[in-house]
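For this one, chain A is given, so just place chain B on it according to the hints.
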Amino acid sequence: MWYAILGQIFIVIGVVFLFLGSLGIYRMPDVYNRLQAGTKATTLGSFFTIVGVGTVHPAWFLKCLIIALFVLFTNPVSAHAIGKASYKIGVKMTDRSVVDQYKGEEDE
Amino acid sequence: MFQEIPGLMWYIFFIIISGGFFLLFLRFLRGPTTSDKVVAVDGLTTVTTPTLVLLSLFFKRGMYLDVALVYAILAYITVLAIARYLEGGL
Numbered sequence: 001m002w003y004a005i006l007g008q009i010f011i012v013i014g015v016v017f018l019f020l021g022s023l024g025i026y027r028m029p030d031v032y033n034r035l036q037a038g039t040k041a042t043t044l045g046s047f048f049t050i051v052g053v054g055t056v057h058p059a060w061f062l063k064c065l066i067i068a069l070f071v072l073f074t075n076p077v078s079a080h081a082i083g084k085a086s087y088k089i090g091v092k093m094t095d096r097s098v099v100d101q102y103k104g105e106e107d108e
Numbered sequence: 109m110f111q112e113i114p115g116l117m118w119y120i121f122f123i124i125i126s127g128g129f130f131l132l133f134l135r136f137l138r139g140p141t142t143s144d145k146v147v148a149v150d151g152l153t154t155v156t157t158p159t160l161v162l163l164s165l166f167f168k169r170g171m172y173l174d175v176a177l178v179y180a181i182l183a184y185i186t187v188l189a190i191a192r193y194l195e196g197g198l
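Heads up: the protein sequence lines correspond to chains A and B, in order. So the first sequence is numbered by my numbering: it starts at 1 and just counts up by one. So the second sequence is numbered by my numbering: it starts at 109 and just counts up by one.
Incorrect hints may appear among the rest.
To be verified - With the C-beta cut set under 7 angstroms, the calculated list includes, among others, these residues of chain A facing chain B:
#1 8
#2 76
#3 78
Claimed, not checked - Which bits of chain A does chain B cover? Going by a derived footprint, with three or more residues having C-beta under 8 angstroms, they are:
#4 21–29
#5 41–51
#6 54–64
#7 79–85
These aren't lab readings, by the way, just hints derived from the structure by calculation. Backbone N, C-alpha and C define an ideal beta-carbon position, used for all residues, glycine too.
Chain A with its partners taken away, still in its complex shape (with noise of 0.2 angstroms):
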């Protein structure tokens, strides 16, 4: 069957994913730069993941496309939450870091 072959590809590229966000996590410098990574990373390989195995099982792909749905919009909240949090109660950012666009809008 070839939608079986097509899931299969699907699962793997969405597992690569997954693993490479995982590194990005574990290898970044800093708290801003590891939401970054992790939260690109880590959605598409979720969206892949789970569409590829709706693909393999036909009669699954309307639940699993709910999930994936959910998944992608509810994990850049998140992470926007995250990121705020940590700014307002003063996470450094890393010495390599250039520009800070968020200081300015904070006194007006």
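Leaving out everything else, chain B in the frame of chain A:
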């Protein structure tokens, strides 16, 4: 019905995902500040949801997809509550 996935592919999926879990847990143990640990927990919950979906395909039971959906909702609420607590408003 659906076609079975060969056993070698399951080894590839679960070994790569286990490497991701290992790195995230190492970051959770080593994180210098509290925010790093919260980021690691967020990553762990995000990686757990596709793992639950994969396990529901592995055990061939459709009911386990509901577990993944409820876990995703609870993880979202948990991370929002922890972020609110870090900010000092809870």
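* With a cut-off of 8 angstroms between beta carbons, are at least three residues of the segment 79–85 of chain A near chain B? -> holds (count 5)
* Residues of the segment 41–51 of chain A with Cβ under 8 angstroms from chain B, three needed, outcome -> n = 6 at 8 angstroms, threshold three: holds.
* Satisfaction of the residue 78/A interface hint, Cβ to chain B closer than 7 angstroms -> OK, holds: residue 78/A within 7 angstroms of chain B, min 4 angstroms.
* **residue 8/A as chain B interface residue, shortest Cβ-Cβ below 7 angstroms** => Holds, about 6 angstroms.
* Quick one, is the residue 76/A hint okay against chain B at 7 angstroms, beta carbons? -> violated (11 angstroms)
* Check of the segment 21–29 of chain A against chain B for coverage (Cβ-Cβ below 8 angstroms, three residues minimum) -> Coverage by chain B holds for the segment 21–29 of chain A (5 residues, Cβ < 8 angstroms).
* Asked: Do three or more residues of the segment 54–64 of chain A come closer than 8 angstroms to chain B, measuring C-beta to C-beta?
  -> holds (count 7)
The earlier numbered hint that this structure contradicts is number 2, and it is the only one.
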